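Residue numbers (the UniProt record's numbering), protein chains in the order written: chain A, 1 to 159; chain B, 1 to 159; chain C, 1 to 415; chain D, 1 to 415.
Derived from the structure by calculation, the hints contain no laboratory data.
Worth double-checking, as some hints may not be accurate.
For each label pair, taking beta carbons as the anchor points, the in silico distance ranges come out as [stated by the list, open to error]:
| id | chain 1 | residue 1 | chain 2 | residue 2 | range |
| --- | --- | --- | --- | --- | --- |
| 1 | D | S300 | A | D67 | 52 to 62 Å |
| 2 | D | S74 | C | E405 | 34 to 44 Å |
| 3 | C | E107 | B | V13 | 19 to 29 Å |
| 4 | D | A67 | B | L146 | 52 to 62 Å |
| 5 | A | T65 | C | A321 | 25 to 35 Å |
| 6 | C | T147 | A | S99 | 19 to 29 Å |
| 7 | B | I58 | C | S300 | 55 to 65 Å |
| 8 | A | Q109 | C | E41 | 52 to 62 Å |
| 9 | D | A71 | C | N16 | 55 to 65 Å |
| 10 | B | D100 | D | G113 | 47 to 57 Å |
| 11 | B | G25 | C | E41 | 48 to 58 Å |
| 12 | C | S300 | D | S300 | 48 to 58 Å |
| 13 | A | L84 | D | Y260 | 44 to 54 Å |
| 14 | A | S54 | C | T147 | 47 to 57 Å |
Every value quoted in this text rests on a predicted model; they were computed, and no experiment measured them.
Even glycine gets a Cβ: it sits at the ideal position worked out from N, Cα and C.
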Amino acid sequence: MGLAKLNNLYREVILDHSDHPHHKGQLAVDDVSNEITLKNPTCGDVINLEIKLSTDDIIENIGFTGDGCTISQSSASMMTDAVLGKSKDDALKMAKTFSDMVMGKQHAQADLDELDDAAILSSIVSFPARIKCATLAWWALQRALLNQNESGKDNVKSS
Amino acid sequence: MGLAKLNNLYREVILDHSDHPHHKGQLAVDDVSNEITLKNPTCGDVINLEIKLSTDDIIENIGFTGDGCTISQSSASMMTDAVLGKSKDDALKMAKTFSDMVMGKQHAQADLDELDDAAILSSIVSFPARIKCATLAWWALQRALLNQNESGKDNVKSS
Amino acid sequence: MDTKVINVQADFPILNQQVNDERLVYLDNAATAQKPLVVTESLDKFYHTDNANVHRGVHTLAERATAAYEAARSKVKNFINANEAAEVIFTKGTTDGLNMLASTYGEQNIHEGDEIVISIMEHHSNLIPWQQLAIRKHATLKYIGLTAEGELDLVDAAAKITNRTKIVSIAHASNVMGTINPIKELANLAHEVGAIIIVDGAQAIPHIAVDVQKLDVDFYAFSGHKMMGPTGIGVLYGKHELLDQMNPYQFGGEMIDFVYQQKSTWTQLPWKFEAGTQNIAGAIGLGTAVDYLTDIGMESVAQHEQQIVDYLLPKLVADDAIEVYGPKNPQKHSGVIAFNLKGIHPHDLATALDMEGVAVRAGHHCAQPLMEYLGVVATARASFYLYNTKEDVDSFLNALTETKEFFNHGTSKAK
Amino acid sequence: MDTKVINVQADFPILNQQVNDERLVYLDNAATAQKPLVVTESLDKFYHTDNANVHRGVHTLAERATAAYEAARSKVKNFINANEAAEVIFTKGTTDGLNMLASTYGEQNIHEGDEIVISIMEHHSNLIPWQQLAIRKHATLKYIGLTAEGELDLVDAAAKITNRTKIVSIAHASNVMGTINPIKELANLAHEVGAIIIVDGAQAIPHIAVDVQKLDVDFYAFSGHKMMGPTGIGVLYGKHELLDQMNPYQFGGEMIDFVYQQKSTWTQLPWKFEAGTQNIAGAIGLGTAVDYLTDIGMESVAQHEQQIVDYLLPKLVADDAIEVYGPKNPQKHSGVIAFNLKGIHPHDLATALDMEGVAVRAGHHCAQPLMEYLGVVATARASFYLYNTKEDVDSFLNALTETKEFFNHGTSKAK
Ligand SMILES: Cc1ncc(COP(=O)(O)O)c(C=O)c1O
Ligand SMILES: Cc1ncc(COP(=O)(O)O)c(C=O)c1O
Numbered sequence: 001m002g003l004a005k006l007n008n009l010y011r012e013v014i015l016d017h018s019d020h021p022h023h024k025g026q027l028a029v030d031d032v033s034n035e036i037t038l039k040n041p042t043c044g045d046v047i048n049l050e051i052k053l054s055t056d057d058i059i060e061n062i063g064f065t066g067d068g069c070t071i072s073q074s075s076a077s078m079m080t081d082a083v084l085g086k087s088k089d090d091a092l093k094m095a096k097t098f099s100d101m102v103m104g105k106q107h108a109q110a111d112l113d114e115l116d117d118a119a120i121l122s123s124i125v126s127f128p129a130r131i132k133c134a135t136l137a138w139w140a141l142q143r144a145l146l147n148q149n150e151s152g153k154d155n156v157k158s159s
Numbered sequence: 001m002g003l004a005k006l007n008n009l010y011r012e013v014i015l016d017h018s019d020h021p022h023h024k025g026q027l028a029v030d031d032v033s034n035e036i037t038l039k040n041p042t043c044g045d046v047i048n049l050e051i052k053l054s055t056d057d058i059i060e061n062i063g064f065t066g067d068g069c070t071i072s073q074s075s076a077s078m079m080t081d082a083v084l085g086k087s088k089d090d091a092l093k094m095a096k097t098f099s100d101m102v103m104g105k106q107h108a109q110a111d112l113d114e115l116d117d118a119a120i121l122s123s124i125v126s127f128p129a130r131i132k133c134a135t136l137a138w139w140a141l142q143r144a145l146l147n148q149n150e151s152g153k154d155n156v157k158s159s
Numbered sequence: 001m002d003t004k005v006i007n008v009q010a011d012f013p014i015l016n017q018q019v020n021d022e023r024l025v026y027l028d029n030a031a032t033a034q035k036p037l038v039v040t041e042s043l044d045k046f047y048h049t050d051n052a053n054v055h056r057g058v059h060t061l062a063e064r065a066t067a068a069y070e071a072a073r074s075k076v077k078n079f080i081n082a083n084e085a086a087e088v089i090f091t092k093g094t095t096d097g098l099n100m101l102a103s104t105y106g107e108q109n110i111h112e113g114d115e116i117v118i119s120i121m122e123h124h125s126n127l128i129p130w131q132q133l134a135i136r137k138h139a140t141l142k143y144i145g146l147t148a149e150g151e152l153d154l155v156d157a158a159a160k161i162t163n164r165t166k167i168v169s170i171a172h173a174s175n176v177m178g179t180i181n182p183i184k185e186l187a188n189l190a191h192e193v194g195a196i197i198i199v200d201g202a203q204a205i206p207h208i209a210v211d212v213q214k215l216d217v218d219f220y221a222f223s224g225h226k227m228m229g230p231t232g233i234g235v236l237y238g239k240h241e242l243l244d245q246m247n248p249y250q251f252g253g254e255m256i257d258f259v260y261q262q263k264s265t266w267t268q269l270p271w272k273f274e275a276g277t278q279n280i281a282g283a284i285g286l287g288t289a290v291d292y293l294t295d296i297g298m299e300s301v302a303q304h305e306q307q308i309v310d311y312l313l314p315k316l317v318a319d320d321a322i323e324v325y326g327p328k329n330p331q332k333h334s335g336v337i338a339f340n341l342k343g344i345h346p347h348d349l350a351t352a353l354d355m356e357g358v359a360v361r362a363g364h365h366c367a368q369p370l371m372e373y374l375g376v377v378a379t380a381r382a383s384f385y386l387y388n389t390k391e392d393v394d395s396f397l398n399a400l401t402e403t404k405e406f407f408n409h410g411t412s413k414a415k
Numbered sequence: 001m002d003t004k005v006i007n008v009q010a011d012f013p014i015l016n017q018q019v020n021d022e023r024l025v026y027l028d029n030a031a032t033a034q035k036p037l038v039v040t041e042s043l044d045k046f047y048h049t050d051n052a053n054v055h056r057g058v059h060t061l062a063e064r065a066t067a068a069y070e071a072a073r074s075k076v077k078n079f080i081n082a083n084e085a086a087e088v089i090f091t092k093g094t095t096d097g098l099n100m101l102a103s104t105y106g107e108q109n110i111h112e113g114d115e116i117v118i119s120i121m122e123h124h125s126n127l128i129p130w131q132q133l134a135i136r137k138h139a140t141l142k143y144i145g146l147t148a149e150g151e152l153d154l155v156d157a158a159a160k161i162t163n164r165t166k167i168v169s170i171a172h173a174s175n176v177m178g179t180i181n182p183i184k185e186l187a188n189l190a191h192e193v194g195a196i197i198i199v200d201g202a203q204a205i206p207h208i209a210v211d212v213q214k215l216d217v218d219f220y221a222f223s224g225h226k227m228m229g230p231t232g233i234g235v236l237y238g239k240h241e242l243l244d245q246m247n248p249y250q251f252g253g254e255m256i257d258f259v260y261q262q263k264s265t266w267t268q269l270p271w272k273f274e275a276g277t278q279n280i281a282g283a284i285g286l287g288t289a290v291d292y293l294t295d296i297g298m299e300s301v302a303q304h305e306q307q308i309v310d311y312l313l314p315k316l317v318a319d320d321a322i323e324v325y326g327p328k329n330p331q332k333h334s335g336v337i338a339f340n341l342k343g344i345h346p347h348d349l350a351t352a353l354d355m356e357g358v359a360v361r362a363g364h365h366c367a368q369p370l371m372e373y374l375g376v377v378a379t380a381r382a383s384f385y386l387y388n389t390k391e392d393v394d395s396f397l398n399a400l401t402e403t404k405e406f407f408n409h410g411t412s413k414a415k
């Protein structure tokens, strides 16, 4: 029956993350160095991401809030696990690896290993309509770290 | 050869009227009681029609100016011949007869006879793209007699 | 169910396919409808025998193309019972028609302090144009709310529509709630205070008979693609005297009378609002869709969909795991049903149903203010059309049951 | 002539017919082009296997439709060598694109005293939007004139484009004169004074290779139907940073980010400018037309049409009874030829040619100010495309001769 294929997407670890998301919640106001609210315009899913970057650009703390489907919630949870303690540059590299992975591009196994649990979302390739759900959190990470606003423009020259 | 059919449209009397149009020219300014400038938006043909209506609504004088194809020029010439000396009401009736005729609607022979030379344009039915050329003059007549402006609204409430 | 209507499935080749190894059950008709063969055949015929630009040439193809295009306009005129063909403006779709109105009638007639009244169930296309107009003009945008049963609140409507109201713009049928709104009553309320009424007919005209004169509406906008016509074509109906007073929306070929270097004058209706080359084939295809629907009869279409709702809605309402939005009474419900499976995000639900071959929508359905009003982030939506069958409904119900089981036990069983 | 190109006739079923008992010779390509079978086949395939609304659903058909629609955008991006697909906005056609620009970029950037520069050979669609904008804003609309040879006068252009100029908007190729304008030079003139350059590419893109980056244009608008695509679809190319600064043109579904009752925010390019359901099948059909043209090669297309002009134009110019408008040098002339038979109104001429199966246009060609400039009321126009053959040209020349004879002697002989 048709739903058997669903097991490829809704793996146990993904359901665990969405049922019990890690780092869900806001940081202390003074701790927030980078922040963004992003939306998946197709479905209305929203993620708010807060990051505490140390002076030497290490992700010291991270938290997200928002509503969304199983995929977007678990992806956010797995993303925060993966990047906590990483440098800004490494985190940006991981975001790139993730977005390549879900688009079906080849990547070195070492890069994929870096992603931790998040690598399991490679199965999303067979569910193209859901790729956006998976990438929303990583996209938010990238924008927040680069201090860009929602449409990808630098926050500074907000006209 | 294909042009043989053209003889049905470009009959001698039509070519005569277009080569030597009757009542082409402007009336004396003081004589003009009704006037209009109309355009065939498809091709750019323009007709300016001036009418002198007597106090008892008889068309005492009529003249047209403008550029156009053989059909529109000869139609204007034949129209002016046909309506000169007629009452306003009769002229309006003739305009209706003419426009019915070129659309291929049936009419009493007596009505068609009223149209004089203009009745020959019934052949336009087989040249649908040219019907507008034939009706432009009669449409102008109708509008001018009813004191309407170009878009068919009464001249008075021009907003 | 009415067999005459059910027999149309063979006219829709797209339905005869497997999706994810299951029979396709297309329940996303509120987004767009499938096309009967006759519609694409009429496009092919036009392109391969008559194609030319219209109103421009004196040659034979141009004349044929013009005649076909204007014949399509007459078909639409008859379908909605407009007074004259000149009241039928071809547009790109509902969104285009409503934006055209906001930029012409709205721009000319809305001034500071005026009020525009819409409802909380409007699609973004009948909401943002008025919201932005109100912002530009320092006018007020007011929302009519819903009754407890999920219907438009006529008491609230009577209160919101005041002497300051200039425009009332309302969906004939909701694309979320499954409600059909009392247009005639709203038209009366609007006209009593000297306002005009604009109707977003996108979700009504494919499903029920519409008579613009009986409804006494001033404008009525709809899309071809939701009524089995091609994409990229729609209609804006307007009363002649109102259209006549409006400035053109776009400028260019075919809408002019005289053009000078520094000024221009405009031609008559309907062409004044059809600048440039229109979607000629699209209009002709829409005309064919109108013929197709007329042939079946809008009464039969409505009756068939009512039978589906009568059969399905009570089952959904009775299911504790399912939340249905909009009226619970099938008699008050069109073939658009918004719902949620408790504890399962509609996006996940839609993916699961898709694995069973069942196509539904999930999201905010371009109605974010309504979602907020309903207190949900998103919903699933199943929407039906004349080619849907009882078998389709049963497939949908089965898939729902299996999805529930999957998310409750499916993968955990595999532990 | 290039046999590879000539061999395409079989791809166009419409050409294989008799009109008024004569072989159809379609020479009205500047009005609209005929469609190869592959284009209508791609429409049929979309409607009968993938049809769904795009960017809205998570089900399989919606995903396929979205992929096909966005693939069409990428094809167009490559065809015009845009920097990114987000710079390709789907419109209804050239007129829609140019009106969109006047209402967004123009509305935002033109102020009292500013100057907009166009040319006297513009089509109404690239004239009236700027004329009306200038009237609204109390700005000045200036016209670049022509040289004695009927080409755009670059000296006049340099004089008309000043420090007050904000927008220069010019046809890439004239739909009357058969001239191809020096866009790159005009872009330089515009950019030197800080103005932007907008190009009306309606008559160029079907016939010559266009590289928007090499031309360094800011916006480039064109229609699908003139390049063998379906009706009701077109493209507005714009530089990313300019599009990004522009307000949306229409409001509705799919162009939003957040919608609240009293305010809204917009989504990214290109969707910010694609409110409501677009002409999805139209875009896909246009993508197929782009493939078809790319396959043949725009160099071959241009070369084939040049061969036709080289053969035909000198014959027309040499005929004392014929007046040709625009350049007399075939090398400077595209496949659009405006002319008059002396003493015969172009309308009568077009009817006569139609009786011989030859379809040409007669009229002002939506360029009334140019007609006035040329001192004519109307002209005939023959316009060629890649499926026209030497045989077509000969049929046209024969029909011209017979028409001359008919009006000089034909009916009088019958006296
Ligand atoms: C030079 C030029 N610009 C603009 C247009 C308008 O194109 P459309 O009617 O497809 O909007 C045309 C075609 O009629 C044209 O030839
Ligand atoms: C109620 C309603 N209004 C307007 C629209 C917009 O229609 P379109 O996208 O065809 O412009 C839709 C469809 O999406 C709708 O359901």
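**OP:** Run the structure past the numbered hints and jot down the numbers of the failing ones, going up.
**Re:** 3, 6, 9, 13
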